[in-house]
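Student: Work the whole structure out from these sequences, hints included.
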Amino acid sequence: MTIDSLFFTIVNRGKANAVLHKAQECGAESGTILLGEGTVESKFWEKIGLAEIHKEILVVPASDELSDKLHDTISETFTFSKSNHGVAFTIPFKRWQLQASEKEEINNTSANANASHFCIVTIVDKGRSKDCIKSARAAGAKGGTLIHGRGAGIPTDFYYPLVIEPQKDIIIIITSREKVSAIKERIFSDLELGKAGNGIIFTLPISRASGLVEQRTEENKGGTA
Amino acid sequence: MSLLFEKTKEVLRTLLPVFIIVLLLCFTIVDVETDVLVRFIVGSIMLLLGLAVFLWGVDLSMNPIGEHMSLEVATSKTPIKIAILSFLLGFLITVAEPDLLILGSQVEEASGGTLGASIIVYMVSIGVGVMISLGVFRLLRDKPSFSMFMAITYGVIFILTPFVAEEFLAISFDASGATTGALTTPFVLAISLGLSKIKGGKNAEENSFGLVGVMSSGPILAVMLMSILSGQKNIQGEVVEYVIAEGVLRPIINKLPGVFIESVIALLPIIVLFFIFNFIKFKIPKDELLGIINGLILTLIGLTIFLTGVYSGFMDMGRIIGVELGKMSPWLLIGIGFILGLIVVLVEPAVHVLGEQIEEVTSGHIPISLIRGTLSIGVGIAIALSMVRIVVPAVKLWYFLIPGFLIAMILSFKSDPVFVGIAYDAGGVASGPMTATFVLAFAQGAATIIDTADVLVDGFGVIAMVAMAPVFSIMILGTVFRHKRIEYPTIEKKPVVSSHLVEEVNMDHVCIMAIVNRGLAEKVVDVARQSGAKGATIMRGRCTAEHQKVLLPIINIELQPEKEIIWFITGTHVSKPIANSLLNDPLLNQDGEIMVFISPTEAMVRSFTTINVTNDADQAT
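The listed protein sequences correspond, in order, to chains A and B.
Mind the numbering: the first sequence is residues 1 to 225 in this note's numbering, read in order.
Mind the numbering: the second sequence is residues 1 to 621 in this note's numbering, read in order.
The hints are simulated quantities; they were obtained by calculation from the structure and are not laboratory data.
The beta-carbon is built from N, C-alpha and C at its ideal position, and this holds for glycine as well.
Be aware that one or more of the hints could be misleading.
Just some of the chain B residues that point at chain A, by a computed CB distance under 7 Å [claimed, not checked]:
id : residue
1  : Asn278
2  : Ser363
3  : Gly541
4  : Arg542
5  : Thr544
6  : Ala545
7  : Val596
8  : Ile598
9  : Ala603
Okay, derived cross-link-like pairs now, BS3-like style, lysine-lysine, Cα gap no bigger than 25 Å in a straight line [stated by the list, open to error]:
id : chain 1 : residue 1 : chain 2 : residue 2
10 : A       : Lys134    : B       : Lys286
11 : B       : Lys283    : A       : Lys130
12 : B       : Lys286    : A       : Lys195
13 : A       : Lys179    : A       : Lys134
Tutor: This is how it looks when you write it as structure tokens:
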């Protein structure tokens with residue numbers, strides 16, 4: 001199977017294994033699960049600092065056909081159309097193979113031109129994720145998913161020669177094409193990512209998404225009208 | 001809010017079996033007054049709500065506080081500061097532990113006043129302080145190995161054992177149970193996790209556990225030394241007549257203020273220490289501080305409700321079940337003891353906290369249900385054996401304690417390293433407030449009704465058994481696990497000294513994502529750097545693939561191997577060489593496990609550099 005894309009799913013903690021089993025029934029070969037945290041959109045709980053929910057992120061390498069199939073089956077079995085049931089999206093991550101590498105061209109423009117949604121990834125020092133989500137919300141984003149990670153290590157001069165591993169927060173925000181640049185600029189300027197060592201921000205094109213809040217509201221509008 | 005809902009569901013799942021079994025007993029063989037039964041039901045509801053709120057609060061407050069404090073300890077520039085800080089942490093949280101004061105006054109009574117309660121409290125606290133600071137030194141140096149460290153500690157305990165009277169042996173092990181209370185355990189777990197996160201390196205996962213185990217050995221040593229030095233051999237004293245409270249609401253309301261004050265006192269040293277340091281050093285931003293304060297309030301409220309529910313609803317119930325079953329048949333006592341042990345331990349607050357931490361640290365690689373199951377079986381057997389000890393006077397406590405710890409010690413060298421820490425922690429974690437009230441009351445109830453048993457002697461020692469059994473059972477699990485786990489070559493990290501700013505203007509970027517087995521991320525970063533990559537971010541996850549499924553025997557639980565996911569953002573011109581060099585590297589490729597994915601990306605990177613050394617060092621100090 002040629003892997004043309006990665007199929008991402010974000011669900012509540014504990015459900016990723018079930019989703020993975022379903023994906024394997026559809027023909028996926030493997031899957032990787034990361035632990036993350038989601039945000040809850042509630043002014044009240046946010047104000048008192050208690051908006052947090054545990055999530056799992058599942059990544060399945062898939063071909064284009066498989067990814068379409070996964071979108072259909074998984075969003076149906078796990079009712080992604082209902083709120084808080086999960087989100088799925090496909091990013092055109094090509095699996096790199098040595099033999100093919102000569103022919104392959106990494107084409108920036110086409111993938112970006114076709115995408116209807118974008119995934120904004122911000123990587124900052126641990127603890128600044130809240131600011132990031134705050135400014136993303138201010139620019140029109142709904143919410144984000146947070147993964148804890150680390151940067152490469154640096155040695156220091158403490159009593160024990162510890163290699164301190166800088167803890168990093170990775171924030172994933174999914175949004176539609178229109179809002180992308182506004183959110184990106186906002187985060188970039190609010191968090192001062194232009195300064196060295198403050199973090200980076202980049203976007204990945206999404207070729208297909210299901211279960212997004214925006215999609216739901218559109219459907220709902222269509223239903224009532 | 002969803003987090004609270006999640007916690008409530010989790011607590012409910014563990015509480016329901018206890019609730020159902022106790023109700024079953026009440027309606028079949030045990031004759032219980034309506035008052036006590038109603039109080040048990042009310043107590044269960046309080047326990048459910050209280051514990052859920054408590055766990056939520058711990059999540060929000062203890063974990064960040066632990067992280068900040070451990071950063072402060074780890075980044076000390078002199079060994080003296082490490083020693084003093086970690087000693088203070090251990091000493092202060094123990095001195096304020098309400099359970100310890102109760103134990104102290106019990107011992108004062110039992111020793112006929114030779115050993116004062118306050119001396120015991122201080123000695124035990126010093127014991128904990130010293131052990132914690134030794135444990136922190138070990139963790140930071142990563143030498144000797146944790147198994148060796150614990151083997152030496154318990155070796156000293158075993159050498160002292162023959163000089164200590166049996167009664168004091170029981171008290172000393174009970175003291176270790178008393179110090180690992182509902183609040184101290186989550187806090188020490190958080191410190192341990194924080195330290196190992198900062199330290200990083202290839203043993204980070206193993207180092208995330210074990211400090212609770214280290215801490216609980218402190219009181220054992222302290223009480224044993226005291227007993228030897230004071231020459232105290234015999235326990236005397238009267239058993240206080242046990243009165244079962246009457247009414248439903250009165251006992252609950254009467255208990256509440258006392259419990260609240262106890263909780264405040266227990267929480268106080270952590271709060272004071274944290275705010276002093278926050279004032280001088282951390283200067284946490286207001287938002288985060290607000291979250292921590294809210295978390296502390298929730299912790300306090302939750303703990304108060306939880307403990308009140310347990311004291312007023314569960315203690316009398318445990319006592320009555322013990323007495324009634326004791327009247328009927330010793331076999332029933334042993335059997336029901338086993339079942340109660342099996343299910344009660346899962347309601348312990350610290351068991352929930354430990355489970356969550358295991359999930360966090362291993363990214364779900366070690367199934368929590370497996371740890372919980374092993375813990376249950378261990379404690380079930382411990383309670384059953386305690387009942388045997390009450391029924392048959394010839395069976396002594398050390399028949400189980402010494403061989404149990406000895407075998408666990410030997411297994412620790414054969415076991416999967418992560419499990420060694422978890423196992424020693426589990427001892428302190430399992431002997432929490434539920435054991436100290438419900439199970440202890442059950443055992444004492446049984447001891448009063450059986451003529452050959454001595455309430456004083458047999459009452460002590462139950463907690464010691466509960467603290468020993470999980471160490472033993474989880475160590476066995478770890479030994480099995482090791483043979484099932486795939487071993488990866490781990491790469492010791494070379495410190496990367498860096499670097500200068502690199503201006504990159506207006507260029508196309510590519511996102512490279514590599515998935516490798518745990519331990520290889522540093523190698524990936526090295527290889528990629530040589531081909532022109534700059535920064536990298538590493539995440540952890542677990543992976544399943546059809547061709548590499550690993551199942552544990554009999555119970556058929558799937559083990560999902562741990563992975564590291566590395567993200568690079570690079571210029572388009574270097575992306576091919578990086579990807580190719582990753583795929584060409586012999587070490588990364590030897591088991592064909594590396595996967596490299598490439599996607600175009602639009603990055604807003606005006607300049608990027610490997611992490612700025614001075615910048616981070618400033619933050620850390």
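Student: Now look at each hint and say whether the structure bears it out.
Tutor: Tested hints:
1. The interface hint given for Asn278 (chain B) is violated, since its Cβ lies 14 Å from the closest Cβ of chain A, which is over the 7 Å cut-off.
2. A hinted interface residue such as Ser363 (chain B) counts as satisfied when its beta carbon comes closer than 7 Å to some beta carbon of chain A; here the least separation is about 6 Å, so the hint holds.
3. A least Cβ separation of about 4 Å between Gly541 (chain B) and chain A falls short of the 7 Å threshold, and the interface hint therefore holds.
4. Taking 7 Å as the C-beta contact cut-off toward chain A, the hint placing Arg542 (chain B) at the interface holds, the least distance being around 5 Å.
5. A distance limit of 7 Å between C-beta atoms decides the matter here; for Thr544 (chain B) the minimum to chain A is near 6 Å, and the interface restraint holds.
6. Because the beta carbon of Ala545 (chain B) sits about 3 Å from the nearest beta carbon in chain A, less than 7 Å, this interface hint is met.
7. At about 4 Å, the closest approach between the beta carbon of Val596 (chain B) and any beta carbon in chain A falls short of 7 Å, and the interface hint on this residue holds.
8. About 5 Å separates the beta-carbon of Ile598 (chain B) from the nearest beta-carbon of chain A, less than 7 Å, and the hint is met.
9. Checking Ala603 (chain B) against chain A by beta carbon gives a least distance of about 4 Å; that is within 7 Å, so the hint holds.
10. For the hint pairing Lys134 (chain A) with Lys286 (chain B), the CA-to-CA distance comes to about 15 Å; that is within 25 Å, so the pair holds.
11. Straight-line distance between C-alpha atoms of Lys283 (chain B) and Lys130 (chain A) comes to about 17 Å, which keeps the hinted pair within the 25 Å bound.
12. Simply put, Lys286 (chain B) and Lys195 (chain A) have alpha-carbon atoms about 23 Å apart, close enough for the 25 Å limit, and the pair holds.
13. With a CA separation close to 15 Å, the supplied pair Lys179 (chain A) and Lys134 (chain A) stays within the 25 Å bound.
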